[in-house]
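Spelled out, the chains give:
2 protein chains.
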Amino acid sequence: METLSESLAFGGTQGVYRHASDVTGTDMTFSLYMPPHAKGTRLPVLWYLSGLTCSHANVTDKGEYRRACAEHGIIFIAPDTSPRGEDVPNDDDWAFGQGAGFYVDATEEPWAANFRMRSYIEDELPALIAREFPAADLARQGITGHSMGGHGALTIALRNPERFKSVSAFAPIASPMSCPWGEKALNGYLGPDRATWAEYDACALIAQGARLGALLVDQGDADGFLAEQLKPALLERACAEAGIDLSLRMQAGYDHSYNFVSTFMSDHIAWAAARL
Amino acid sequence: METLSESLAFGGTQGVYRHASDVTGTDMTFSLYMPPHAKGTRLPVLWYLSGLTCSHANVTDKGEYRRACAEHGIIFIAPDTSPRGEDVPNDDDWAFGQGAGFYVDATEEPWAANFRMRSYIEDELPALIAREFPAADLARQGITGHSMGGHGALTIALRNPERFKSVSAFAPIASPMSCPWGEKALNGYLGPDRATWAEYDACALIAQGARLGALLVDQGDADGFLAEQLKPALLERACAEAGIDLSLRMQAGYDHSYNFVSTFMSDHIAWAAARL
Chain A
960 METLSESLAF GGTQGVYRHA SDVTGTDMTF SLYMPPHAKG TRLPVLWYLS GLTCSHANVT
1020 DKGEYRRACA EHGIIFIAPD TSPRGEDVPN DDDWAFGQGA GFYVDATEEP WAANFRMRSY
1080 IEDELPALIA REFPAADLAR QGITGHSMGG HGALTIALRN PERFKSVSAF APIASPMSCP
1140 WGEKALNGYL GPDRATWAEY DACALIAQGA RLGALLVDQG DADGFLAEQL KPALLERACA
1200 EAGIDLSLRM QAGYDHSYNF VSTFMSDHIA WAAARL
Chain B
960 METLSESLAF GGTQGVYRHA SDVTGTDMTF SLYMPPHAKG TRLPVLWYLS GLTCSHANVT
1020 DKGEYRRACA EHGIIFIAPD TSPRGEDVPN DDDWAFGQGA GFYVDATEEP WAANFRMRSY
1080 IEDELPALIA REFPAADLAR QGITGHSMGG HGALTIALRN PERFKSVSAF APIASPMSCP
1140 WGEKALNGYL GPDRATWAEY DACALIAQGA RLGALLVDQG DADGFLAEQL KPALLERACA
1200 EAGIDLSLRM QAGYDHSYNF VSTFMSDHIA WAAARL
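Going down the list, the protein sequences come from chains A and B. Heads up, the first sequence is in the working numbering, so the first residue is 960 and it goes up one at a time. Heads up, the second sequence is in the working numbering, so the first residue is 960 and it goes up one at a time.
Looking at chain A on its own, in the form it has when it is part of the complex (with noise of 0.2 Å):
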């Protein structure tokens, strides 16, 4: 693991990393804020997963985590949401291919050698901060994540339930089998069976039984992408049928940009907290 960059923040550090990924075939980049800390000390995590178009970058620039997360003692992390690199397959469209990972291993040519985020974010990055930030205690970890970050954040919730204490998203992707970004990602990716799609749905994963404890959703009424793409009423509705504790907070007048993500985010952080 090579360090890109390290800074002092709030107490803490943050830092940008690059390793070679077995699991992707590419480099890969993630940020990571380790905050102040007494030598020795071990600390929970939160995973923050990133939207469409956007690398570790957006929310370390935009994300106003670090005070949050240097006040209650929590390692954010944020992965990228996709290989990328000139070898590496790609689409014209901003909503399929680099920068556009949907958190899931692709089947389907010529995705399957690169695009498998699912494995990295569950099992190789998590290997990896074990080994290289040994303050961080694998063993209380929160997920989070924005758009289709936050699609990511809920089904690897709902498929790992035992691993993460926490869980909430930003204006997530609720159903990408039910929205036009899902549809063509799935597809792309997974081929046409849809049957092959549900462990990467929300929805259709609690439909399945998957469960979670409370789920803090904050969306805002005002994101141009909530009618046709988020549509947030179907996790609602899922959520009731399984019982699920879902707070499915609308925010009045806010967009789907990072000045609706750090507004919420320490809300997020403190949820975090409280179960971490």
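Please keep in mind that the hints were generated in silico from the structure rather than gathered at the bench. Honestly, I wouldn't trust all of these hints.
One copy or two, it doesn't matter: identical chains are merged, so the pair holds either way.
Said to hold, decoys possible - Below are the SDA-like pairs computed for lysine to any residue, each with C-alpha atoms no more than 20 Å apart in a straight line: (1) Lys-1021 - Leu-963; (2) Lys-1021 - Ser-1216; (3) Lys-998 - Glu-1195; (4) Lys-1124 - Arg-1099; (5) Lys-1124 - Gln-1210; (6) Lys-1021 - Gly-970; (7) Lys-1021 - Gly-974; (8) Lys-998 - Thr-1155; (9) Lys-1021 - Leu-1207; (10) Lys-1021 - Asn-1119; (11) Lys-998 - Ala-1211; (12) Lys-998 - Gly-1212; (13) Lys-998 - Pro-1093; (14) Lys-1021 - Ser-1225; (15) Lys-1021 - Ser-964; (16) Lys-1143 - Leu-1097; (17) Lys-1124 - Ile-1203; (18) Lys-1021 - Leu-967; (19) Lys-1021 - Ser-966; (20) Lys-1021 - Val-975; (21) Lys-1143 - Ala-1072; (22) Lys-998 - Phe-1092; (23) Lys-1143 - Leu-1193; (24) Lys-1124 - Thr-988; (25) Lys-1143 - Glu-1045; (26) Lys-1143 - Ala-1186; (27) Lys-1124 - Asp-1096; (28) Lys-1143 - Ser-1216.
Since the structure of chain A is already known, use the hints to place chain B on it.
Chain B alone, transformed into the frame defined by chain A:
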């Protein structure tokens, strides 16, 4: 004035605006955060002047000022650092020309026609703000800035002590007459007569009798520009000799980046709020 974007953030509105500047002969872009407030309320204004290579966007993305401005009810304005455009003179050095206006009114060619950031910040932009944002109470103004923008904040405040009830700076260039960045810029914009430079040098202005109320300066001691370019000791000596109440806080381990600025931003906003 044209609205480029407006987005709800921390209950207020983060906007980016563009207008045709008579002073610079170009379009100029700035950002303005309007905190939540009751209709008819008038609010104090905090100007934030940015550093070399920056536009309004750097602090708008990375400055983490919105939460504190919302709490204290302060309007936050981030202008650009120079005129820009294909028809505007430039230089290969990132510390001179576009993105590096040094808050002077240039007298030398080819800069004199456009590089008039002193008049832009002191006169034209405040007049525009007064017209376009009636909630802005220009009887209550504070000013701060980072690096070259810290130099701008100090010199503009020293020349206009009646206008600014609050002054602070992050890692300011304390004396452009005494560092390579400043010497190149002042020579380029003003010509070789150093007597003309003094009104753009905080330490020289203080030596000539200019005064300020209390002044807050934060400076990281791991800042790579500290010894050669920023030289806070010169400001400390000038303030001591003049009896100016300087709080110079050397911040252990902090660098020159927005990780430093954002960490202490809320302190500077609280400093301004206490005086506005």
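* Asked: What hint numbers does the structure not satisfy?
  -> Structure breaks hints 3, 5, 8, 9, 10, 16, 24, 25, 28.
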